[in-house]
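Participant: Given next are the chains, with one letter for each unit.
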Amino acid sequence: QVQLQQSGAELVKPGSSVKISCKASGYTFTSYDMHWIKQQPGNGLEWIGWIYPGNGNTKYNQKFNGKATLTADKSSSTAYMQLSSLTSEDSAVYFCARGVIRGTGVMDAWGQGASVTVSS
Amino acid sequence: DIVMTQGVLPNPVPSGESASITCRSSKSLVYKDGKTYLNWFLQRPGQSPQLLTYWMSTRASGVSDRFSGSGSGTYFTLKISRVRAEDAGVYYCQQVREYPLTFGSGTKLEIK
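Respectively, the protein sequence lines represent chains A and B.
Just add 7 to wherever you are in the first sequence, counting from 1, and you've got the numbering used here.
Just add 19 to wherever you are in the second sequence, counting from 1, and you've got the numbering used here.
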């Protein structure tokens with residue numbers, strides 16, 4: 008079955024960067040978009056962007072331009088999101104999710120979430 | 020950006036009753052292909068969101084037929100028939116009509 012296994016919780020200092028991973032299994036990694044979504048404590052969901060591992064194409068929410076960078080490693084079926092210049096506003100749980108229908112944002116499988124806490 | 024506004028439920032809902040969750044978009048979600056680009060998700064406490072319906076009314080694989088989506092271009096409803104304890108959580112609507120993709124703020128469902 009489709010599974011997305013994300014990396015563990017991170018405690019990072021303001022101004023630093025963090026890289027979160029999302030390892031996919033149970034399907035052809037290069038054939039589906041991988042979306043990333045932010046959820047702050049007690050808040051709703053915010054779409055960050057997607058990457059198509061087949062060719063590396065990306066689409067970002069303009070709000071996250073310069074903040075998030077999406078990459079993918081086809082050899083290990085793993086997607087990554089790097090967050091830079093971290094502030095307290097970046098403290099959140101970050102989810103990866105498979106886009107089951109290309110280019111449509113229909114996300115049928117989600118990772119368990121990776122918690123990022125930004126604190127000195 | 021398209022703003023998604025969700026309604027509030029009169030919680031708790033008695034088990035076995037029906038519940039309707041509403042969502043409104045600031046712009047029509049109907050695309051030129053005739054599809055309405057609106058999805059619904061359920062996030063149970065401590066879990067990741069789960070896709071329930073997409074294209075407004077198409078149920079995702081494995082989702083119970085107690086869940087049904089309907090609506091027009093800007094006003095949408097997710098109806099849950101015969102609610103059960105396992106239906107408790109926060110429901111989100113999401114528009115995928117245009118970028119950036121946006122979600123509603125969520126509607127909490129509690130079961131009595």
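Heads up, a few of these hints could be off.
Said to hold, decoys possible - Facing chain B, according to a computed beta carbon distance under 7 angstroms, are these residues of chain A, among others: (1) Leu18; (2) Trp117; (3) Ala121; (4) Thr124.
As the list claims (entries may be wrong) - In the BS3-like style, the derived pairs of lysine-lysine whose C-alpha atoms are separated by at most 30 angstroms in a straight line are: (5) B:Lys51 x A:Lys66; (6) A:Lys74 x A:Lys20; (7) B:Lys54 x A:Lys70.
Derived from the structure by calculation, the hints contain no laboratory data.
Using N, Cα and C, we set each Cβ at its ideal position, and we do this for glycine too.
Participant: So, for every hint listed, does it hold in this structure?
Facilitator: Consistency of the hints with the structure:
For the restraint placing Leu18 (chain A) at the interface with chain B, the shortest Cβ-Cβ distance is roughly 20 angstroms, beyond the 7 angstroms limit, so the hint is violated. At about 4 angstroms, the closest approach between the beta carbon of Trp117 (chain A) and any beta carbon in chain B falls short of 7 angstroms, and the interface hint on this residue holds. With its C-beta approaching chain B no nearer than about 11 angstroms, Ala121 (chain A) sits outside the 7 angstroms limit, and its interface hint is violated. Taking 7 angstroms as the C-beta cut-off, the interface hint given for Thr124 (chain A) is violated, the closest approach to chain B being about 17 angstroms.
Restraint check for Lys51 (chain B) and Lys66 (chain A): the C-alpha separation of about 21 angstroms stays at or below 30 angstroms, so the hint holds. A C-alpha spacing of about 15 angstroms is found between Lys74 (chain A) and Lys20 (chain A), which places the hinted pair at or below 30 angstroms, so the restraint holds. Restraint check for Lys54 (chain B) and Lys70 (chain A): the C-alpha separation of about 27 angstroms stays at or below 30 angstroms, so the hint holds.
The earlier numbered hints that this structure contradicts are 1, 3 and 4.
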